[in-house]
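Trainee: Listed below are the residues making up each chain.
Protein chains: 2
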Amino acid sequence: MREQVFLYDTTLRDGTQGEGISLSVDDKIKIVKKLDEIGVHYIEGGWPGSNPKDMEFFQKVQDLQLSHSKITAFGSTRRIGVKAKEDENLQKLIESGVKVVAIFGKTWDFQVIEALKTTLEENLDMIRDSVAYLKENGLEVIFDAEHFFDGYKQNKEYALKAIKVAEEAGADCIALCDTNGGTLPHEIYKIVKTICTKINIQIGIHCHNDGEVAVANSLSAVQAGARHVQGTINGYGERCGNANLISVIPNLQVKLNYECVKKENLSNLTSISKYVHEVANQAAPSNQPFVGKSAFAHKGGMHVSAVLKHPETYEHIKPELIGNSRRVLVSELSGQSNLMFKAKEWNYSIDKKDPNSKLLLEKIKEKEHEGYQYEAAEASFELLVKKSFSEWKEYFLLDYYKIFVEKNGEDIFSTEAVVKLCVHDEMVLTAAEGNGPVNALDHALRKGLEQFYPIIKNMYLSDYKVRVLDETEATASKVRVLIESSDGTEKWSTIGVSGNIIKASWLALVDSVQYYLMKNDNLIKVVSNKKEEQFIGLNNH
Amino acid sequence: MREQVFLYDTTLRDGTQGEGISLSVDDKIKIVKKLDEIGVHYIEGGWPGSNPKDMEFFQKVQDLQLSHSKITAFGSTRRIGVKAKEDENLQKLIESGVKVVAIFGKTWDFQVIEALKTTLEENLDMIRDSVAYLKENGLEVIFDAEHFFDGYKQNKEYALKAIKVAEEAGADCIALCDTNGGTLPHEIYKIVKTICTKINIQIGIHCHNDGEVAVANSLSAVQAGARHVQGTINGYGERCGNANLISVIPNLQVKLNYECVKKENLSNLTSISKYVHEVANQAAPSNQPFVGKSAFAHKGGMHVSAVLKHPETYEHIKPELIGNSRRVLVSELSGQSNLMFKAKEWNYSIDKKDPNSKLLLEKIKEKEHEGYQYEAAEASFELLVKKSFSEWKEYFLLDYYKIFVEKNGEDIFSTEAVVKLCVHDEMVLTAAEGNGPVNALDHALRKGLEQFYPIIKNMYLSDYKVRVLDETEATASKVRVLIESSDGTEKWSTIGVSGNIIKASWLALVDSVQYYLMKNDNLIKVVSNKKEEQFIGLNNH
Numbered sequence: 000m001r002e003q004v005f006l007y008d009t010t011l012r013d014g015t016q017g018e019g020i021s022l023s024v025d026d027k028i029k030i031v032k033k034l035d036e037i038g039v040h041y042i043e044g045g046w047p048g049s050n051p052k053d054m055e056f057f058q059k060v061q062d063l064q065l066s067h068s069k070i071t072a073f074g075s076t077r078r079i080g081v082k083a084k085e086d087e088n089l090q091k092l093i094e095s096g097v098k099v100v101a102i103f104g105k106t107w108d109f110q111v112i113e114a115l116k117t118t119l120e121e122n123l124d125m126i127r128d129s130v131a132y133l134k135e136n137g138l139e140v141i142f143d144a145e146h147f148f149d150g151y152k153q154n155k156e157y158a159l160k161a162i163k164v165a166e167e168a169g170a171d172c173i174a175l176c177d178t179n180g181g182t183l184p185h186e187i188y189k190i191v192k193t194i195c196t197k198i199n200i201q202i203g204i205h206c207h208n209d210g211e212v213a214v215a216n217s218l219s220a221v222q223a224g225a226r227h228v229q230g231t232i233n234g235y236g237e238r239c240g241n242a243n244l245i246s247v248i249p250n251l252q253v254k255l256n257y258e259c260v261k262k263e264n265l266s267n268l269t270s271i272s273k274y275v276h277e278v279a280n281q282a283a284p285s286n287q288p289f290v291g292k293s294a295f296a297h298k299g300g301m302h303v304s305a306v307l308k309h310p311e312t313y314e315h316i317k318p319e320l321i322g323n324s325r326r327v328l329v330s331e332l333s334g335q336s337n338l339m340f341k342a343k344e345w346n347y348s349i350d351k352k353d354p355n356s357k358l359l360l361e362k363i364k365e366k367e368h369e370g371y372q373y374e375a376a377e378a379s380f381e382l383l384v385k386k387s388f389s390e391w392k393e394y395f396l397l398d399y400y401k402i403f404v405e406k407n408g409e410d411i412f413s414t415e416a417v418v419k420l421c422v423h424d425e426m427v428l429t430a431a432e433g434n435g436p437v438n439a440l441d442h443a444l445r446k447g448l449e450q451f452y453p454i455i456k457n458m459y460l461s462d463y464k465v466r467v468l469d470e471t472e473a474t475a476s477k478v479r480v481l482i483e484s485s486d487g488t489e490k491w492s493t494i495g496v497s498g499n500i501i502k503a504s505w506l507a508l509v510d511s512v513q514y515y516l517m518k519n520d521n522l523i524k525v526v527s528n529k530k531e532e533q534f535i536g537l538n539n540h
Numbered sequence: 000m001r002e003q004v005f006l007y008d009t010t011l012r013d014g015t016q017g018e019g020i021s022l023s024v025d026d027k028i029k030i031v032k033k034l035d036e037i038g039v040h041y042i043e044g045g046w047p048g049s050n051p052k053d054m055e056f057f058q059k060v061q062d063l064q065l066s067h068s069k070i071t072a073f074g075s076t077r078r079i080g081v082k083a084k085e086d087e088n089l090q091k092l093i094e095s096g097v098k099v100v101a102i103f104g105k106t107w108d109f110q111v112i113e114a115l116k117t118t119l120e121e122n123l124d125m126i127r128d129s130v131a132y133l134k135e136n137g138l139e140v141i142f143d144a145e146h147f148f149d150g151y152k153q154n155k156e157y158a159l160k161a162i163k164v165a166e167e168a169g170a171d172c173i174a175l176c177d178t179n180g181g182t183l184p185h186e187i188y189k190i191v192k193t194i195c196t197k198i199n200i201q202i203g204i205h206c207h208n209d210g211e212v213a214v215a216n217s218l219s220a221v222q223a224g225a226r227h228v229q230g231t232i233n234g235y236g237e238r239c240g241n242a243n244l245i246s247v248i249p250n251l252q253v254k255l256n257y258e259c260v261k262k263e264n265l266s267n268l269t270s271i272s273k274y275v276h277e278v279a280n281q282a283a284p285s286n287q288p289f290v291g292k293s294a295f296a297h298k299g300g301m302h303v304s305a306v307l308k309h310p311e312t313y314e315h316i317k318p319e320l321i322g323n324s325r326r327v328l329v330s331e332l333s334g335q336s337n338l339m340f341k342a343k344e345w346n347y348s349i350d351k352k353d354p355n356s357k358l359l360l361e362k363i364k365e366k367e368h369e370g371y372q373y374e375a376a377e378a379s380f381e382l383l384v385k386k387s388f389s390e391w392k393e394y395f396l397l398d399y400y401k402i403f404v405e406k407n408g409e410d411i412f413s414t415e416a417v418v419k420l421c422v423h424d425e426m427v428l429t430a431a432e433g434n435g436p437v438n439a440l441d442h443a444l445r446k447g448l449e450q451f452y453p454i455i456k457n458m459y460l461s462d463y464k465v466r467v468l469d470e471t472e473a474t475a476s477k478v479r480v481l482i483e484s485s486d487g488t489e490k491w492s493t494i495g496v497s498g499n500i501i502k503a504s505w506l507a508l509v510d511s512v513q514y515y516l517m518k519n520d521n522l523i524k525v526v527s528n529k530k531e532e533q534f535i536g537l538n539n540h
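Here the protein sequences line up with chains A and B, keeping their order.
Heads up: the first sequence is residues 0 to 540, going by numbering that gives the first Met the number 0.
Heads up: the second sequence is residues 0 to 540, going by numbering that gives the first Met the number 0.
Misleading hints may appear alongside valid ones.
Since the list can't tell identical chains apart, any single copy or any two copies may satisfy a pair.
Stated by the list, open to error - Distance condition first, Cα-Cα at most 30 Å in a straight line; then the derived DSSO-like pairs of lysine-lysine:
hint : residue 1 : residue 2
1    : Lys364    : Lys273
2    : Lys254    : Lys446
3    : Lys386    : Lys59
4    : Lys366    : Lys91
5    : Lys446    : Lys385
6    : Lys292    : Lys197
7    : Lys518    : Lys366
These are calculated hints, taken from the structure and not from any lab test.
Starting from the given sequences, assemble the full structure and let the hints guide the process.
Mentor: Structure, rendered in C-alpha cells:
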C-alpha cells in the first residue's frame, strides 16, 4: 500500500505571478479540465478578493463537472482590527462558491512587525479568527504559513505558535511556505521533520525555485512527513517560479513510491505539460526534465548503441511511463546506429546493402559536411529519408524569386519579394511585402500556393533562427537557418544551409511547406484556375 | 577559514552534447577566457580523441595566457586488450598538450558486461593501466566514475573496487558520476558520505538534471564531503543538462559558506551566464535562478513597498552579490544599479542630477524596451554613453541603401547592395555584391568609406548572430542582430534591433564602424577626393 501525497496546483494563481504569464478566464477553465483529468487533488483558481477576473473564473468553474479535483480560492487572514465576519476579503472567499480555501498568514515575527506593522498577538488573533470563521462557514481550510522557514530560523517559538493557532482554530492542513525560495533541502527536511512531531494535522509544503532546488525541497518535505505538495505545472511562478509539479510527481511516484495520481494518469504528464505551455503561450524548454523533447534524446554515438541495447544505461526512468519517448539525434557526434533508429521511427528499415539506404547514408554525410544538422530539424530529415526511398511528390517548382529592400530617409523602408512558381503546370507570379526579406519571401510563396492548396492557410511559421557556421568570415560565412512551423496543433522544424542567408531561409521555407503538404496529401484537392481535380504528384527524385 | 570547493566546468564538452548547443573553436576560446576571469579551476575543453575540431581547440588554447584555470582534456580508459601506451585515445590526450586529463571508466558491473562486453577483471585493469600511464606522463588525472551511483546501488563491492583501483594507480581525484541523472539528493548524500570514508583522495561529483535535482544533488555531495564539483554554465548538457554551475556556485558560497571563486568574482555570475547564452545562441530564460531577468523582479502591489524597505522579505540573497539587480516592475528604479556598474567601467560616474546622466538613463530604458540588451554588445553601449556625454563625432551620414536579391535557375544567384552616403560633405554612391544582403551592405558601406578613412581596411566582421525576440510571430517578429568585429588584435560587439533583419543588421554595422573610427580617431587622416586634411568631426547629438 503506497502512501498518498495530495497535490495542490497553483498554476492559475501563483503561476500567473510569473513574468510573462497571463491567463484568460477561458485559459484557466481549459487548464482546470486537464488537471482534473489527471487527478490533481486541489486546484487553486485565483484570489477572489484581488481582482474581478478571478471572481468571473469562480462563477464559470461551477458549471464544470469535475471528477477528481476540488477548486480552491486563495486569500489572506482578516485585516488588522476588523472582525472576521466583517472582513471583505474573507467574505469574497465565501462568496466564490468553493468548498476549499487557502488563506495565508504571517509566521515570521520580523514580517509581522515590519511589513504588517501590528503586534505579534494581533497577528495570532488574525490567524485564529479567520480560520475559525471559514470553518464555521463549512469550508475546508488550508493555512499557508508565509515565510515559515525564514521565520522558524529566526524565532522558532513564534513561528510554531502561529501554526499551532491555526491548528487549534480548526484548519485542515498547514502548508509551510518557503516564500523567498532560498531554503535548501537539508534545512527543509530538518524543519518539516520537527514540525510533524508538533502538529497533528496534515502538513503541506510550498516551495519556490530561487535556489534552483524547489523540486528537491518538495521531495525533502515529503520524506520528512509532509503529505500535501503545492506547485505549478512547468514550474511557472513569481521570480524563478514555483516547484514544478511535472517533475515532483514522477520523482515521488516512480522513485520514492508514493501515490500522487492514478498510475494510468502518469503517462499524461508529457501532454499536460505541453498543453499548459501552449495555453500560456510559452516556448516549451526542450531540456525540461521528464517531459522535454530532449529529456530522452541521445546524441553521443557511443550512448546510442548502448541505449538501444539496454535503455537503463542512459535513461533514469522509462520514458513511456510519463508519456514521453526516446529520441535519437542525428548529428556529427552520432554513428550509424542513430540513423537506423531514426529511420525506424518512420518505418524505414535501413539495411547497409540496400541501394536506397546507401544513397541516404551518403546524402546525410554530404549534407552534414555542408553544415546541415538534423537534430533540430526532424521534418527536413524525414523529407531526406522519404526522398531516398522514392516517396516524393513535387508540389511546386521555383522559376525565380527577387527581393528588393530600400531604405530612403528616416521613415521610408520597404521590403518586397516577387516569386514565380510553376504549380501543377501553371506559371504563377506573386509579389508580397514583409518585415524583412525572408518574411516577404514567405508571404509571396504562400500567396502563390494558397490558390492551389488552400490547406496551406492553416500553417504558419512559429520560430526562425539563424546561426553562422564559419565565424571567421562573418557575414560572408555559411549560415544555418532553422524554421519552426505549426498548424496550431503540431509543430515541425526544417533547415537550410547556404553561404547566403536568403537562400538558406528559402530552403528551410520550402521544406516546411513541402513537409506540410506531404503530411496532408490526402486532404489536398488541387484548385487550379482551369479545373478542380485530385492532384497526382510528380514522382520526382 | 572557508573550505575550498574546486569547480570543474564542462560546458565545452558535456554542454555541447545538449540538443541545439553547438560551439565553434572560436566560441570555445571566448568562453575559456570568461571562465578564467572568474576563476573556474578546471575547464574541460573537449575530447581530443573523438573529433578533429576538439584537437584544433587544444592547439589554439595553448596561446592563451590564463591566470586561474587549468585546461583539461576528456577521454576514456584504454580499449580492451590494448596496452595503455599503444592506445590511440590515451595518446591523443597526451598530445593535446594539457596538464590535466579526465578519463571515464566503468564502475557498474552490468555496464562492463553488457555495454563494454568484457570481464570485470579486465575493466579494472583498463582503469589501473590508463591512470598509471597518464600519471607516468606527468599529468594530473581525474577519474570520472561513470554510472557510479547506479553501479553502487546494484553492486557496492565492485563499484568501490573500481574507484579504489583508480586511487591506487595514482589518480588525483575521483569524480562520482550520476550519468543518468536519476539519483535523488538523499541517496547522493548517503553514498558520497560512505565513499569519503573509504577513499583518501579528493572526491568529486558530476550530476545531470533528469530529475530536476542536479543542483541539489551537487550540494548534497559537497555536504557529504566532495570538494570538486563538475557542471556547466547555465546547465547545458545532454538530455536535461548538467548541474548548473551558475546556481551551484552561489548556493555553496553564499548559503553554505564554502569558497568556490574569489568573493569579488561572484558578481560576474550574471554577466557570464548571459555571455554564454549569447555565444551559444540560446535564449536566456527570464526565470533562471539567481541570474535571470525575473529572478529578483517584483510585481506591483504588496511586495513592492516591503521589498524596498526590507529586501530580505522577498529576496533570498542580495542580487548585487551575483551581479543581478532588483527590478520593481512598476517603479522607475529598475536597471539603474546595473547601468551605474557598467558606466563605471568606462570611467563615467552617473549622477542622477546631471542632465547627461538623465538623458542616458532615459535612452537606455527606451532602448531596452525596444529589445536592446547590451550585455553582449558593449561597444554599442559605450557609444550610447559617449553620445549622452557629448563625446560624439559623425563620420558619415546615410542617404539611402537598396538591396537586390535575385534567384533565377539553378546557378544564377546574385545579391547586390547600393549605398549612398554623405561623408565629409561629399556624396558617395557605391555598389557591391555579397553572399547575402547584409554582406553586400557591409561591402558597399566599407567601399564607400575606405577612400575617406583608409584605416577601415584593417577591420572586419568576425561574427554575426541573429535572434528572434518575439517568437510567436516568427519571420514577422523583432530581431536582435549581434555583430562582432575585429582588427586582428581587438574585438568589439555591436547590436541592432528592428522588426526588419536588414535594418537591425545595418544598425549594428554602423555602430561597429563608428566605434572603430572613434577609437582610432587620432590615426584618421581624412582623404577626400578634393583635399587631404585632418578631419574634425561634427559634434552631432
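Trainee: Quick one: which hint numbers does this structure break? Sort them smallest to largest.
Mentor: As far as the earlier hints go, 2, 3, 6 are violated by this structure, in ascending order.
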